[in-house]
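Let the sequences and hints guide you as you build the complete structure.
Chains as they are written, first to last, in the working numbering: chain D, 1 to 313; chain L, 1 to 228; chain H, 1 to 472; chain B, 1 to 681.
The hints are simulated quantities; they were obtained by calculation from the structure and are not laboratory data.
All residues carry an ideal CB built from backbone N, CA and C; glycine is no exception.
Hints may be right or wrong, so weigh each one.
[Stated by the list, open to error] Simulated restraints, written as ranges between beta carbons of each label pair:
id : chain 1 : residue 1 : chain 2 : residue 2 : range
1  : L       : Glu213    : H       : Leu446    : 43 to 53 Å
2  : L       : Asp219    : B       : Glu608    : 38 to 48 Å
3  : B       : Glu161    : H       : Ile445    : 57 to 67 Å
4  : B       : Gln213    : L       : Gly111    : 42 to 52 Å
5  : H       : Arg23     : B       : Glu509    : 51 to 61 Å
6  : H       : Val448    : B       : Gly111    : 22 to 32 Å
7  : D       : Leu33     : B       : Gly372    : 58 to 68 Å
8  : H       : Asp133    : L       : Ser36     : 27 to 37 Å
[As the list claims (entries may be wrong)] In silico SDA-like links for lysine to any residue, alpha-carbon gap of 25 Å or less:
id : chain 1 : residue 1 : chain 2 : residue 2
9  : H       : Lys437    : B       : Phe22
10 : B       : Lys568    : D       : Leu52
11 : H       : Lys349    : B       : Gln208
12 : H       : Lys283    : B       : Phe22
13 : H       : Lys190    : L       : Glu121
14 : H       : Lys347    : B       : Ser650
15 : B       : Lys112    : H       : Lys347
[What the hints assert, rightly or not] Some chain H residues near chain L, calculated using beta-carbon distances under 8 Å:
id : residue
16 : Glu117
17 : Leu121
18 : Thr134
19 : Glu137
20 : Trp140
21 : Ile144
22 : Tyr162
23 : Tyr165
24 : Leu176
25 : Val180
26 : Asp219
27 : Phe278
The primary structure of each chain is shown beneath.
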Amino acid sequence: MIEVLINSTLQLVLLLLVAPLVSGTIKTLKARLQMRRGPGILQSYRDILKLLRKGMVIPETASWIFSAAPYMVFGTATMVGLMIPMTTTHAPFSLFGGVLAVVYLLALGRFFLALGGLDTGSSFGGLGSSREMTISAIAEPAMMLAIFTVALGANSTNLSEMAKVAVGQSWRFLAPSQMLAFAALFIVLIAETGRIPVDNPATHLELTMIHEAMILEYSGPYLALIEWGASIKQLVLMTLLVNTFFPFGLSSDWTLQTIGVGLTFYLAKLLVLACLVVLVETSNAKLRLFRVPELLMVAFILGALALISTFLF
Amino acid sequence: MPFVPNPEIGNRIITLMAALVLVLQIAAVGQRGIVSSIRLFAVQSFLLGAIAAVIAYFNQASHIYIAALLTVLLKAGLLPRLLERLMERIGIRREIEPLINVPLSILISGGLTLLGYVVAESFYHPEETSARAALGHNTLAVAIALFLIGFFVMVNRRKALTQVLGLLSLENGLFLAAISLTYGMPLVVEIGIFFDVLVAVLVLGILVFRIGETFDSMDVSKLRKLRE
Amino acid sequence: MVNVAAFAILLGLAAVLVARVLRSGPFSLWDGFFYADALSALVVLLSAFVSLVCSIYAVGYFRREESSGVLQEAKEVGGRFAVDKLREYYALMPFLVFAMTLVALANNLGILWVAVEGTTLASVFLVTFYGRDTSLEAGWKYAIIGGVGLSMALFGTILTYYSAYGALGTDTLAGLNWSVLAENAAQFDKPTMRLAFILILLGYGTKAGIAPMHTWKPDAYSEAPIPGAAMLATGVLNCALYGLVRFYILTSKCLGPQFGSRILILFGLLSMGVAVPFILVQKNFRRLLAYSSIDHSGIMLLALGFGGPLGILGMLLHMTFHSVTKPLLFFCAGNVQQHLNTDLFRKAKGGLIHSMPLTGAAFLLVTLAVTGSPPFSFFQSEFTILRAGFARDHFVLAIFFVSFLVLVFSGFLVHVTGLVLGENPGLPAADTCRWKKYSVAGLAILIVVMGFWIPAPLFTLIKGAVGIVVGG
Amino acid sequence: MYILSVNTGFALSVAAYAVGAFGSLACWQKPSLARRICCNFALTGAVLGGLISVLAILRGTPVAWSVPSGIPLFAYSFSYDALAGFFNLALAILVAAVSTYSFGYLKEFEGKRNIGLFGFLFNLLLLSLTVVFTAANAFLFLIAWEVMALAAYGLVIFYHEDRETRRAGLLYVIMAHIDAGCLLLGFALLINSTGSAEFASFRPLSAQLNGGQQTAAFVLFFLGFTIKAGVIPFHIWLPAAHPVAPSNVSALLSGIVIKTGIYGMARIFLDVLGGVPSWAGLLVLIVGVVSAVLGVLYALMEHDLKRLLAYHSIENIGIILMGLGAALIFRVAGHPTLAAVALIAAMFHTLNHAIFKCLLFLGAGSVLHSTGTRNMEEMGGLIRPMPVTAFCFLIGAVAISGLPPLNGFVSEWLTYQALLAGFGAIPGLTRILFPLAGSMLALTGALAAACFVKAFAITFLALPRGAESRNVHEAPRAMLIGMGGLTLACAVLGLGVTWFLPVFDAMTEQLLGQRVSSHLVSGHGLVLSAGVRTSGTVSPLVIAVGLLVLMLPAALLVAIGVRSFGRKRGPVWDCGLPGLSEENEYTATAFSKALRMIFAVLYKPRREIQAVFDVSPYFPKEIRFESEIEPTFEKRLYAPLQEFLFRVSSRMRTIQAGSIHAYLAYIFVTLVLLLLFGVRK
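Written out as structure tokens, the structure reads:
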């Protein structure tokens, strides 16, 4: 019991700290790749701190739902973060919810955020919510298929179990099924974290935007919570990818040294994945909204193929 | 030792008469005038009565005399009167145009006669009614033919009155069948049936009368108000 | 009024008869002129019941007719006065009932035929009652088609007599007596019997309104005054079927059940099938009732065809329920017609439930009942018939049967709800006449009760009848 | 322990319903009295019924008894086993809530409508429902089944003045009759091979039936029950009939009446027939998937609040069928424990859907009650005037979207686990179907979430869109209590699932001979685990608590921020064009636009835009936009059928053309033919 508490606090701290770092890194890398100086890696921390120290304006039309949404987003994201193994195969909350819980908790956060977007009565919010729900809805099956492929391999939907199995066979990711599943999940990651070519996190007040439109009315600490939650969600999804497919450095026991090793490996893997994301983002243009389903369809097909290939090979 | 009637002669006579009846029926099919068809019917009924009498005579079946008498009185006497009276009361025009033209309908009645024979073949068993037998076969066929042709007349003719005539000649067929097969029904039944026929004709007569005065035409094929 | 009393007494007598039959089996009177067993007792009971109910309703019905002056119209055409018309009705009714009773009680099949013919002759003037040209037309069709049909029945009777003649030899009075024929039906001459049965089926089938001899029914039912029509649809129908059943027994004793059942099933399904489309697209709610009774006689024929204890039980149950339920359907239709002075759906605006709540409710109720939906009693008989069908491995037929039932249900419900439900057209309140109210309400209650409870003696009576038909 | 024996208790609750029915009918002239009688006796019946069901479930062993019926052909025989107990429990919960709600809801009828009649039909419906769940005799079952349909019909057409209502009612009752017909045939088939109508006598039968009979029986029962359950493609009556009924009735219809179809499948396929061929199980699974996905897709396009809910019933029935189908397949494949898990998933979702769908309909009812419209485009901003209703509806929405930690999530989670296990358990290529079905379930869940974001937000949030929703009031207390109870149930069944699971043991043991609840609970009774094959675990309780705990620091941060830097209310960002009003709000149509475009293949949307121009086409004075989707099944499947029927019928009418000669000719021809037939042997 105590142990669980310690673990979870540690992992919580890790989450809260690493998440902004990752998004910051992505921003910087992207800037560099586009021959800009760009903000520093720590920019995201500064943003959050700044927002926390601002007053906030709440629309007259809004009800308590509007205020509840940020907490839900933040809460669900961190909750999910506790269920996923980061540095070691053992996630503190893995017993209390597997990958299904992860997906549905994220959905819960999204549900409330969408409500918050509609609560203001502004067309932007509605537009954002509508698109957000739509895209996530059609992203869901692909995501599930890809995850199932791994889960069926591990015979469990618990992330720790899946990680353990993965550790057992480190080079499994070379199997075609794993490759395909990884590809599918990667596309889903792009869609879920609202990155080009699905959404453009950097724009404001464009009719192409999705996530940003939804949270347009938020300000101050609420916005901070949402941004933070979003970055945590992104971190979680990336972690899911790296740790289930490339279990290098995941240790199963708790010693300082293993944790150190695990942490370094973990950050390294994240960095690689971040680079991948950046490459995709810079090398692609944003898709029209109604082209996105095709992309996700591709992801779905990949997932299905992955599934089939699990028992063909 | 009184004169013992010879069945052979009886059979001849009956078969002859039956043939005549059939001819009359077919004639009725071809007949155009109402009056004459009524007359034909009267003669036919008289012949039937005669047949009945002959059978009664040759088989010493006394109760058939009654049947014969009733037939002659009712069908040959009373009913034609009634019908003619009715006809005068309404004063209907003469000509009646059947739905199917005469030659064809006569052909059809020929076919029906054939059918009558076929049917009669199928279930007539001489051995069961050994002595009185021979009159059965042809007569039965004729009876069935009468029945069918009468029915055909009802289908074919437009006038209310001629339909009644058809019905009556159809009844004649039944009568012929009854006496030729089984020498008549039990007496109670016979009387009942005769009574019914009488009432039926009265009822139909009233209807014909009313139709006559309501529609000032006796053409029942014009009665087509009640339909889907 | 007199009729009501008379028919009440008749019902009492019928009850006595039933009791007697139940106690001491079949018996006969007047050296075998009358003969009564469970089957005939059942039919007598039903006829008596129907005639009582109809006569009660008739009082209310004709009072309304008089006040609304329909009869005066009839006067000009028919050339007689309203009172005479009433006298005519009240005189014809007992004849009809007498004939119906005679049908059931006659021992001699010939007399049976005479009696059936009697019912026709008595009811022709019921059909032409209103003296409109349409009613004359209906009457004519009824008389002619009925006449032809019955002459076929007579032919059948003669042939039966002949086929028995070989076996019995003697042509005594008893030659056509049921009590005699039933014993030695086995030795009858088979081909003759086959022909006889065909003719009988066509003959009494015409009277029962089996397709394709059903064509007179819609006309007659929609023209006769409601109580008369109800009598035709229940009592007379029962009589025709009764005759048919009697001969069916002889035939199946003589030829075995197969021969009869095939034709019966054929005609039964045909009648149901013919009734369905006319029920689906129907403009006139009194013709609708006629087609429903065609459908029901088809069902009963089908049950007879399925045969076996189950089938016969189903048929007789169905006959009983039909005689109880159908009158109510007619009465409701009658009330509606008198209320709106039309029998066309098109002219009725709907929403009758507002102006005549009792009739409206009863109409819905009896619609559900007559289309055989549980919990009403028809469901029991139809379920039994279905089982009989399965017992004879008529799987496909069973499917047809059920789908016809469903279609009829749909058609009926569409029409009747369109008539009864809907917003209030603002008609004056009806349902005032006591006689009508009591007959409707009483029957409605009876129907609901019968769905859950059948009096034991009645059931034993039916069982007995089944025993007779199956030849136990 | 047992104060009153099961059958007397059952009799009592039936009696309570009966008294409620006839009592309220009897005093239909005194509306308020009728109302009280109706609701009170319904409540009593529910309480008794619930008590009994709990007793029966605790005892486990079936109690069978028989009552002599007035009809000599049959006896009314009952059997109160675990399955019956479970469904009676669901019924009791719902009825308790609905009858409480009705205390307030029926008030508005007083003086306007015949409450006595309503009370009669209402209690009759409840009575027939509990009999359906308890009948052990085909005849009794069919009677109760049809009485249920007829009572429901009466309630659906309660506002019969409205044409649409009448049509919907007819559609409903005709479909109901068709399914009754199928069941009739099915039972006749079984009865024919045993000679008895008792369910008990069918049980040994399953072995004796030959292939053809088995197939026939399965098809007939499957048709019957799926029509009743409103499974696509037999669903068309459901979205028509449920919305037009009074809302407390719609709650029951969607909550429990369509579940009788599920009950029937469980009863016949698992209990009476003791399993069906595996292709049948697959069929059930696939039908489930189809109707889940299509159901939610159609729901998304609805702007009529109650129709939307009705379509979600179709969707959830689909989800239930997924579990049931899996259970059937596993049973044949010889994995009883897996089958038990799948069955629990299905049954638990049945219960959950009953509860939250009932809750949502009641919520919609009170919205309707105060706004008087079902059209969401007229609503908006209702959360302020009616906060309690809004909260209850929100909880219901979260639950039905299958979001943690509420009950919907738990049962969907179990379904996922069952499907995943299927992949490992079933040999051959068919195993692929299981994960695919799982992904479709995911799609369904996500779309449902989207749909309920729309439903809740457009109804309750932002500014009122129509005059109807301007000055509205909160629903009366009785209605709120009714909803509150169900809301609580949603939470309790979600968080306390581990303590609730043992309820299923008796059922699974009866149907599959397995008690699995102990496998499904681990971690000090806190954690729900997938049990046998796959080892997934989840703990709604911990998740809920964890969420609260994790929100604390966030709340702290915000509190600090707000304290030191203040918070003020301001206008919404209006792009500089002042005067943002409800016309600028996002509408339900707009919200579903994206999905309408994406699934255009399915919807075949038709839209027309009429613009009225003043000076130049660039400045339209007003623009009318209307868009509708094609009701595929109605248009492609049912309309042609009806068309065909009527064309044939009209053709047939020519045989009754009124010519007596034709009539005579029919007879003549028949006679001649039959004579020939009679002649040749």
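Identify every previously stated hint that the structure contradicts and give their numbers, smallest first. 2, 3, 11, 12, 15, 25
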